[in-house]
Structure formats: structure tokens, C-alpha cells
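Engineer: Sequence:
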Amino acid sequence: MLSSLGTSFYLKEQLLLCQMQNFGDAPLSYGLRPCVKPTSKIKLTVHFHIAATVWDHYMTVKSNGGLNQMRTGIADMVAVARIMNATLVIPQLDKRSFWHDSSTFSDIFDELHFIETLQEDVNIVKELPLELANVPRARKHFTSWSGANYYEEMRQLWKEYRVIHVAKSDSRLANNDLPLDIQSLGKKLVERLRARGGRYIALHLRYEKDMLSFTGCSYGLTDEESEELRMMRENTNHWKVKKINSTEQRLGGFCPLTPKEIGIFLRALCYPPSSLIYIAAGKIYGGNTRLLELTSRFPNIVFKETLRPMRELRAFTAVEGPTQILRSNRKTITPDRKGLVEVFDYAGNGQQIEGIFVVTSYTDHAQK
Numbered sequence: 021m022l023s024s025l026g027t028s029f030y031l032k033e034q035l036l037l038c039q040m041q042n043f044g045d046a047p048l049s050y051g052l053r054p055c056v057k058p059t060s061k062i063k064l065t066v067h068f069h070i071a072a073t074v075w076d077h078y079m080t081v082k083s084n085g086g087l088n089q090m091r092t093g094i095a096d097m098v099a100v101a102r103i104m105n106a107t108l109v110i111p112q113l114d115k116r117s118f119w120h121d122s123s124t125f126s127d128i129f130d131e132l133h134f135i136e137t138l139q140e141d142v143n144i145v146k147e148l149p150l151e152l153a154n155v156p157r158a159r160k161h162f163t164s165w166s167g168a169n170y171y172e173e174m175r176q177l178w179k180e181y182r183v184i185h186v187a188k189s190d191s192r193l194a195n196n197d198l199p200l201d202i203q204s205l206g207k208k209l210v211e212r213l214r215a216r217g218g219r220y221i222a223l224h225l226r227y228e229k230d231m232l233s234f235t236g237c238s239y240g241l242t243d244e245e246s247e248e249l250r251m252m253r254e255n256t257n258h259w260k261v262k263k264i265n266s267t268e269q270r271l272g273g274f275c276p277l278t279p280k281e282i283g284i285f286l287r288a289l290c291y292p293p294s295s296l297i298y299i300a301a302g303k304i305y306g307g308n309t310r311l312l313e314l315t316s317r318f319p320n321i322v323f324k325e326t327l328r329p330m331r332e333l334r335a336f337t338a339v340e341g342p343t344q345i346l347r348s349n350r351k352t353i354t355p356d357r358k359g360l361v362e363v364f365d366y367a368g369n370g371q372q373i374e375g376i377f378v379v380t381s382y383t384d385h386a387q388k
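With our numbering applied, the sequence shown corresponds to residues 21 to 388, in that order.
Rather than coming from a laboratory, the hints here were simulated on the basis of the structure. Treat the hints loosely; a few may be bogus.
Across the chosen pairs, the derived CB separations fall in these ranges [to be verified]:
{"id": "1", "residue 1": "GLY86", "residue 2": "ARG159", "range": "21 to 29 angstroms"}
{"id": "2", "residue 1": "SER316", "residue 2": "PHE129", "range": "26 to 34 angstroms"}
{"id": "3", "residue 1": "ASN255", "residue 2": "GLU172", "range": "25 to 33 angstroms"}
{"id": "4", "residue 1": "LYS115", "residue 2": "PHE323", "range": "28 to 36 angstroms"}
{"id": "5", "residue 1": "ARG157", "residue 2": "PHE323", "range": "40 to 48 angstroms"}
Note that this is a predicted model, so its numbers are computed, not measured. We treat Cβ as the ideally placed atom computed from N, Cα and C, and that holds for glycine.
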């Protein structure tokens with residue numbers, strides 16, 4: 021995934037979703053299957069030797085994102101703690117996000133039930149033992165969408181540390197065994213995309229109002245829009261930084277590329293105007309007017325609502341949704357935003373012709 025504070029999108033020559041295979045065939049899944057409520061039909065094909073596990077290593081977690089994102093992240097961390105033979109300390113919830121939610125874990129979840137339900141699989145405690153409160157900790161940003169083998173390798177950290185602090189919990193674990201109904205929805209979306217032109221680009225703009233306000237990025241916006249974002253930032257108590265220099269943010273590469281810049285960038289990578297683009301993102305700030313800066317270069321753009329009527333999508337509002345469904349391990353590109361801004365401004369001043377920009381951009385990103 022092409023991600024940062026600002027822009028993230030995925031460029032995929034072909035997107036093959038969740039190949040239909042037996043769930044038990046997933047590599048290093050330990051035979052576990054995701055479920056909301058286990059039934060008598062579900063049997064684990066691998067049995068853990070819990071009694072033989074020594075729980076003298078601890079993992080603290082800072083969950084991030086919205087409530088559903090934190091919920092799924094916590095579920096991932098339970099599995100990660102088990103793989104790493106760690107005692108899981110009750111996770112801390114994100115209190116600084118756009119949602120202004122100061123709730124603790126026990127405010128939302130039944131803490132005792134959480135501990136007791138999982139006691140046969142993972143040791144969970146409410147807080148670190150006092151003797152470990154001030155010991156050095158390994159602070160880790162685990163790689164997104166990692167498999168069990170990755171976390172088995174992370175066990176090497178226990179040779180030097182007794183406590184690992186996980187700074188983010190979202191999307192840390194690969195989830196290959198999606199429920200059949202979600203696989204079916206994803207398959208239909210992919211089929212409809214392919215029916216429109218075969219290959220396509222899944223584009224995640226990250227150009228939502230809260231993102232622009234939080235990062236202080238107002239390049240290309242009107243004075244009224246810039247003021248609206250400033251007021252949102254000022255009135256969001258949990259955002260510590262209130263005064264942000266938008267120009268410095270952009271020149272430092274900390275802002276999302278605008279829809280116009282994304283369009284120029286994709287054209288510079290030699291994607292033809294006829295390319296099919298699936299917009300996998302939230303509501304774009306500025307609406308259709310701002311999106312026109314992209315559609316003028318790539319008119320063949322679709323949204324999830326275009327592919328499936330809302331009545332068909334409504335049943336899946338509690339899952340990660342079409343953005344997650346349409347991900348795969350295909351070619352991705354991480355743009356050098358800082359470098360691109362310099363090129364955009366250089367070209368904007370009339371000092372560089374379009375052809376040279378294409379060569380510069382393509383050369384810089386061809387190997388990424």
C-alpha cells in the first residue's frame with residue numbers, strides 16, 4: 021500500500037482477490053479461522069500447548085484509529101501475543117483522533133470477560149507488573165499485513181527485552197481467510213471492474229477533510245476552505261498542534277498529493293487516459309469540483325457505489341469494506357511526495373516542459 025500522512029494508493033496491474041482455496045491451506049495460519057462467535061462446527065486443527073508456555077514477556081499496545089479499527093486491531097494483537105508467547109497488557113485506546121473519544125478499554129469492552137474468555141489461549145493482565153514499569157522497552161511498528169512467520173522472527177526481541185510496546189495495532193496481521201460472504205462481495209466487485217476494462221488502478225487519495233485539517237495542508241484550496249480546516253483543527257481538542265505552516269508541510273512531503281497532482285503523476289507514469297480507476301477512499305474534500313481535476317485526465321473513474329447499489333453494500337457496513345476487499349499483493353508504488361512537489365512547482369513556473377517531467381517522474385519511480 022502506498023501510504024503516508026497524506027497520500028496512499030495502490031497501483032495494481034491486476035488485482036486478484038482472495039484466491040478460492042481451502043481455508044486450512046493458508047500458510048502458517050495455525051488452522052485458525054476468523055469468526056465473530058464460534059460455533060460447534062468450528063474445530064481447531066492445531067492445538068496449542070498453553071500449559072507449557074512461559075508468560076514472562078509482556079506486550080503493551082496503543083490501539084489507533086476509529087472504534088472498529090481499534091476493535092479489529094485488538095483482535096490482531098491477541099493473535100500476535102499468542103504467536104510471540106507474550107502476556108498481553110490490556111490495550112490503550114486512541115484518545116487523540118478526529119472522533120474526540122476519551123473512552124478507555126473498560127468503558128467499551130467487558131474487561132474481565134475479555135481476560136477470562138481468552139485465558140486458555142493468551143495470558144492477559146490489566147497492567148504491567150510494578151518491577152517492569154521502568155525497564156527498557158522495545159518500541160515496534162510491526163510491518164502491516166504480516167504473517168505468523170514474521171512474528172515468530174520477532175521473538176528474537178525477547179533476548180534483549182522483557183517488554184515490547186506496539187505503537188500501532190491497525191492492519192498488523194495478515195487476514196487471508198475472509199468469510200465467504202465478504203469474499204463473494206469482493207469477487208463481484210472485481211468482476212465488475214474487469215468487465216469495464218480488464219486491468220485497473222485502485223486509488224486511495226486520503227484527501228478527506230479531517231486528514232487535510234489535521235496535517236494543516238491547504239495547498240490549492242480557497243481561503244474559505246482553508247479557514248474551515250483551520251477552525252476544525254482549532255476546535256478538535258485532542259489535536260495538539262494548532263498552528264501549522266501549510267507551505268512548510270507541503271515542501272516537506274507531509275501533505276497528500278491533490279487530485280490534480282495525482283492525475284499528472286499517473287500520466288507521467290504512462291498510464292493512458294482510458295485507464296480504469298477505482299476510488300477507494302472516503303469523501304473527497306471539495307467534492308466533484310475538486311475531483312474534476314482528476315477526471316479531466318482520467319474520465320474512466322468508478323466508486324463502490326457505482327459497482328454495487330447501496331442496498332447490497334449495507335450488509336457489510338461493519339467490516340473493513342471495499343477498500344480492504346480490493347487489496348492484494350500486486351505492484352505498489354510509493355511516490356516521493358517531497359521530490360514530486362519540487363517538480364510540480366518547477367513545472368508550474370514554466371521552467372520544465374511536460375516531456376521532461378514525464379521522464380523525471382518515471383525514472384524516479386520506475387523501480388519502486
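Engineer: Give a verdict on every hint.
Structural biologist: Okay, the hints, checked on the actual structure:
no., hint, in the structure
1, GLY86 with ARG159: 21 to 29 angstroms, "holds, 23 angstroms"
2, SER316 with PHE129: 26 to 34 angstroms, "violated, 48 angstroms"
3, ASN255 with GLU172: 25 to 33 angstroms, "violated, 46 angstroms"
4, LYS115 with PHE323: 28 to 36 angstroms, "holds, 32 angstroms"
5, ARG157 with PHE323: 40 to 48 angstroms, "holds, 43 angstroms"
When the structure is compared with the earlier hints, violations turn up for hints 2, 3 and for no others.
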